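K.L.:
Full structure from sequences and hints, please.
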Amino acid sequence: MAESAETASDVLLESSLPAAPLESILCTEELHRRPSRPPDHEKENHALVKLVSALADSPGTVLQTLAETILDITQCDSAGLSLLTSDGKTPDVCGTRFYWPAIAGTWNPHQGGGTPRNFGPCGDVLDQNRTLLFRHFERRYPYLLPVIPAAEECLLVPFYVAGEAVGTIWGIMHSDRRTFDAEDDRIMDSLGKFASSAYQALKHIEDLKIQVFEREKAEAEVRELARGLESKIRRLVEANVVGIVMWNLEGAITGANDAFLHMVQYNREDLASGRVRWADLTPAEWRGHDEQAVADLTATGIFQPFEKEYFRKDGSRVPALLGGALFEGSGNEGVAFVLDLSEQKRAERALRRSEAFLAEGQRLSQIGTFSWRVATDEVTWSEQLYRIYEFEIGVPVTLELIRTRVHPEDLSVLERMIDQARGDANDFEWQYRLVMPDHSIKYLHAVAHATRDQDDQLEYIAAIQDVTARQLSEEALDKARAQLTHVARVTSLGVLTASIAHELNQPLSGIITNASTCLRMLAADSPDLDGARETARRTIRDGNRASEVIARLRALFTKKDSTTELVDLNEATREVIALSSSDLQRSRVILRQELADNLPSVNGDRVQLQQVILNLLLNASDAMSDIDDRARHLVVSTTQDEGDRVRVTVRDVGVGLDPENTDRMFDAFYTTKSGGMGIGLSVSRSIVERHHGRLWVEPNDGPGATFTFSIPPDPARVPEAVHVMRSA
Amino acid sequence: MTIERSLVSVVDDDESVRESLPDLLRQFGFAARAFSSAEAFLESNFVGTTRCLVLDVAMPGMSGLDLQQELMRRHQEIPIVFITATGDQTVRPRVLAQGAVECLSKPFSETALLDALNAALRMR
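Residue numbers (my numbering), protein chains in the order written: chain W, 2 to 729; chain H, 120 to 243.
No lab work stands behind these hints, which were simulated from the structure alone.
The structure displayed is predicted, hence computed values, not measured ones.
Worth double-checking, as some hints may not be accurate.
As the list claims (entries may be wrong) - Per the computed footprint, the stretches of chain W lying under chain H, defined by three or more beta-carbons under 8 Å from a beta-carbon of chain H, are:
| # | region |
| --- | --- |
| 1 | 509-515 |
| 2 | 532-543 |
Said to hold, decoys possible - So the derived list for chain H, only partly shown, Cβ under 8 Å to chain W, looks like this:
| # | residue |
| --- | --- |
| 3 | D133 |
| 4 | S135 |
| 5 | V136 |
| 6 | E138 |
| 7 | S139 |
| 8 | L140 |
| 9 | D142 |
| 10 | L143 |
| 11 | Q146 |
| 12 | A204 |
| 13 | T205 |
| 14 | K225 |
| 15 | P226 |
| 16 | S228 |
| 17 | E229 |
To be verified - Label-pair distances were calculated between CB atoms; the ranges are:
| # | chain 1 | residue 1 | chain 2 | residue 2 | range |
| --- | --- | --- | --- | --- | --- |
| 18 | H | E162 | W | D531 | 29 to 35 Å |
| 19 | W | S527 | H | L215 | 38 to 44 Å |
| 20 | H | L233 | W | S527 | 17 to 23 Å |
| 21 | H | E134 | W | D645 | 51 to 57 Å |
| 22 | W | A477 | H | N237 | 52 to 58 Å |
| 23 | W | T640 | H | D132 | 51 to 57 Å |
| 24 | H | G218 | W | A477 | 44 to 50 Å |
| 25 | H | E134 | W | D531 | 16 to 22 Å |
| 26 | H | M191 | W | D531 | 40 to 46 Å |
| 27 | H | D132 | W | S527 | 31 to 37 Å |
| 28 | W | Q594 | H | E134 | 53 to 59 Å |
Don't be surprised by glycine CBs; every beta carbon is placed ideally from N, CA and C.
P.N.:
Written out as structure tokens, the structure reads:
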């Protein structure tokens, strides 16, 4: 039946139908990816012996015996042989068709059928000269469609005689209940060799003997391997690193190592007596887990590891992780490992407790924490941080959400921090404000530490403290301090004014009195000309005296007793920054220090030089007080110039200079500020000049201005100066 | 006959005041004497004849206020017109409370001085 259908199909197919490509029906490579069943050498040997006997006793039926053997060993649905033939019956290596001399199993009724040499599965196997696994080959070879049931998978192996391919042996699965694996491949390969022998009948019986010998040798090797494996497993059991238990499904424990017995506090005698049953060791609430494990064992032969508790002999409980499998073929008995989890559970409890302590500590100290994985933007917040931000605990934290709370004036700082954090692993510290839904302001102080997680990904761990209360009291303190400073300044100005007034009022008083006298003398009926001349002279003298007072006052600024010492300008600068940092921070100035290493000391009045630095810092801060479209950057740097002079530079990004007034900036009482006296830069310049230095200002390329002063280094480093000092 | 002129004594450590003020007082028609310190005035023979004292507040040694108190202690009730060069606003109320006729800040106009002197002399 198959024969006639195929012949008819051949013609039809070659002339018209587009066939599925060969690659689409091949899946040979899968053989070695599929899980493989273990070899059953005993069964195989037995079959080979039977085949050899059949070959010896009844060569006429040996091919059918071969087909049945394939069926038996591979547990497939159909198995058979294809031989090349010219006439449809007689084997012929030059044949144009394969015919099927023997078929066992489902396809047995198709015995005697066949396929064409050049367009069929057998031909593909001989062309490629190797084993092939087909899936639904009728998709390419439609003439096989009537040969039913259809072949889900077909494993074909070529066999040869004297180097020439003469046919194939094959096995077929008609359903997906089982698929072929590497073991089938191996068996088929071995049976292919037998087929070759069978083909040559008795002439090559010697080959078979050799095969049997090789088989026995291989088996011996496998046994040896198994013994090695067994000793390794025994080592595991006896090492007592984990509990190992042998059991049956009825609830008995048939064997256990010391580790397990120690865990449940039973001894070997208890075990031998059969009193130790896993069913009895299990507390009631864990029985459901056991039942599930038994169900899994029955269905799949194994149960996946799960956690449960066992009763110890004294009734206390021990937490454990266990997993196991049924022994192959037993159907009832199996083995399991049992791991004591007491230590892990204790650690978990301790961890939970310390987490609780931490949360409470955060609540008390008003410190929240968060972690941020930069690569994934995964942010984790502590509960306290939710409370600080007044978000509902557990809502997903996004940057968008955070932005809704951050004070608008601090948003640019936040964005910059985020950009920097993404770019580089750095530790950060910053202060910012939140605007709460009730429009109140919160002050937060954040410290972030960069770290790498186990995957070497950048992660920030940060602590955020609500410093509102502290900030408010500091502000109150600052305000009080500012008021005090103002009072002090008014007082000292008052003192100065009184002193100036006294010095000037004396001669002015003389001038007015003399002038009055003079007028009266001249206005008399008989003018007293000599007296008038005398009083006029005194008027001029007193005028000169007043001008001398003013000259003395100026000298008071430029010639004043001062203490001279060696001054480290880096240290002096740092002190000034420390003093003014809260002032600068309140003005939202971002200050950067760039202090040079190995800066030489200068000789001078430390306090006066610090006044200059402070004055420059505060001027810079003032110059930026109206800047809101950019960050208020202030850079203080120290350097050494070509002449060994020490430079201190203060650079701002403020309103910059009015080119018309640059020269006047250093004049006394010149000011652009409503609250200022305009005396700062003038006094600063006189202080610097008294140190034989220079103070100047330059416009920046970008916004703002740069003030610089330079002072010669410590004269002790200059030989002439040393001489002068000694002689002085 | 000469009409006896009222004696106005000036006590001030500043020389230009001592030079100029007596001349102006004479132009007003007073007799005038100048002393460079409170001590010099007390040691002179003019304490009893002085009708009005023009007294500087701040001087080395005895201050103007010290002299005022010393005179009170001696029951020498001479009207006093204080003059001062400091801008200190607290001085004037203090000396007025102690009985001074007036306290003028230097520099002062001749009118202000004359008014103060007339007021002082009316007290007698």
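K.L.:
If a hint holds in the structure, say so; if it does not, say that too.
P.N.:
Going down the list of hints, with the structure as the test:
Coverage of a stretch by a chain is defined here by at least three residues with a beta carbon nearer than 8 Å to that chain's beta carbons; for the region 509-515 of chain W and chain H the count is 7, and the condition holds. A stretch counts as covered by a chain when three or more of its residues have a beta carbon under 8 Å from one of that chain; for the region 532-543 of chain W and chain H the count is 5, and the coverage holds. At its closest, the beta carbon of D133 of chain H sits 5 Å from a beta carbon of chain W; the interface hint therefore holds under the 8 Å criterion. With a cut of 8 Å, the hint placing S135 of chain H at the interface with chain W holds, because the nearest CB-to-CB distance is about 4 Å.
Contact between V136 of chain H and chain W, as hinted, is supported at the beta carbon level, the nearest pair being about 6 Å apart and thus within 8 Å. The beta carbon of E138 of chain H comes within 6 Å of a beta carbon in chain W, closer than 8 Å, and the hint placing it at the interface holds. For the restraint placing S139 of chain H at the interface with chain W, the shortest Cβ-Cβ distance is roughly 4 Å, inside the 8 Å limit, so the hint holds. At a threshold of 8 Å, the smallest CB-CB gap from L140 of chain H to chain W is about 6 Å, leaving the interface hint in force.
The interface hint given for D142 of chain H is met, as the beta carbon of that residue sits about 5 Å from the closest beta carbon of chain W, less than 8 Å. Restraint check, L143 of chain H versus chain W: the minimum CB separation of about 4 Å is within 8 Å; hint holds. With its C-beta approaching chain W no nearer than about 4 Å, Q146 of chain H sits inside the 8 Å limit, and its interface hint holds. A least Cβ separation of about 4 Å between A204 of chain H and chain W falls short of the 8 Å threshold, and the interface hint therefore holds.
Taking 8 Å as the C-beta cut-off, the interface hint given for T205 of chain H holds, the closest approach to chain W being about 5 Å. The beta carbon of K225 of chain H comes within 4 Å of a beta carbon in chain W, closer than 8 Å, and the hint placing it at the interface holds. For P226 of chain H, the interface hint holds, the least distance from its beta-carbon to any beta-carbon of chain W being 4 Å, beneath 8 Å. Given hint, S228 of chain H at the interface with chain W, holds; its Cβ is 7 Å from that chain's nearest Cβ, closer than 8 Å.
Given hint, E229 of chain H at the interface with chain W, holds; its Cβ is 4 Å from that chain's nearest Cβ, closer than 8 Å. Remark: the range hint 29 to 35 Å for E162 of chain H to D531 of chain W is upheld by a beta-carbon distance near 32 Å. Separation of S527 of chain W from L215 of chain H is about 40 Å and conforms to the stated range, judged on CB atoms against 38 to 44 Å. For L233 of chain H paired with S527 of chain W, a C-beta distance near 22 Å keeps the hint of 17 to 23 Å intact.
Restraint check, E134 of chain H to D645 of chain W: a C-beta distance of roughly 53 Å satisfies the suggested window 51 to 57 Å. With their beta carbons about 57 Å apart, A477 of chain W and N237 of chain H fall inside the hinted range of 52 to 58 Å. Under the hint 51 to 57 Å, the C-beta atoms of T640 of chain W and D132 of chain H, about 55 Å apart, fit the expected range. For the hinted restraint 44 to 50 Å between G218 of chain H and A477 of chain W, the CB-CB distance of approximately 47 Å keeps it satisfied.
Separation of E134 of chain H from D531 of chain W is about 20 Å and conforms to the stated range, judged on CB atoms against 16 to 22 Å. Range check, M191 of chain H to D531 of chain W: about 41 Å between beta-carbon atoms, so the 40 to 46 Å window is met. Restraint check, D132 of chain H to S527 of chain W: a C-beta distance of roughly 35 Å satisfies the suggested window 31 to 37 Å. Hint check: Q594 of chain W to E134 of chain H, Cβ distance near 57 Å, so the stated range 53 to 59 Å holds.
Consistency note: the structure conflicts with none of the earlier hints.
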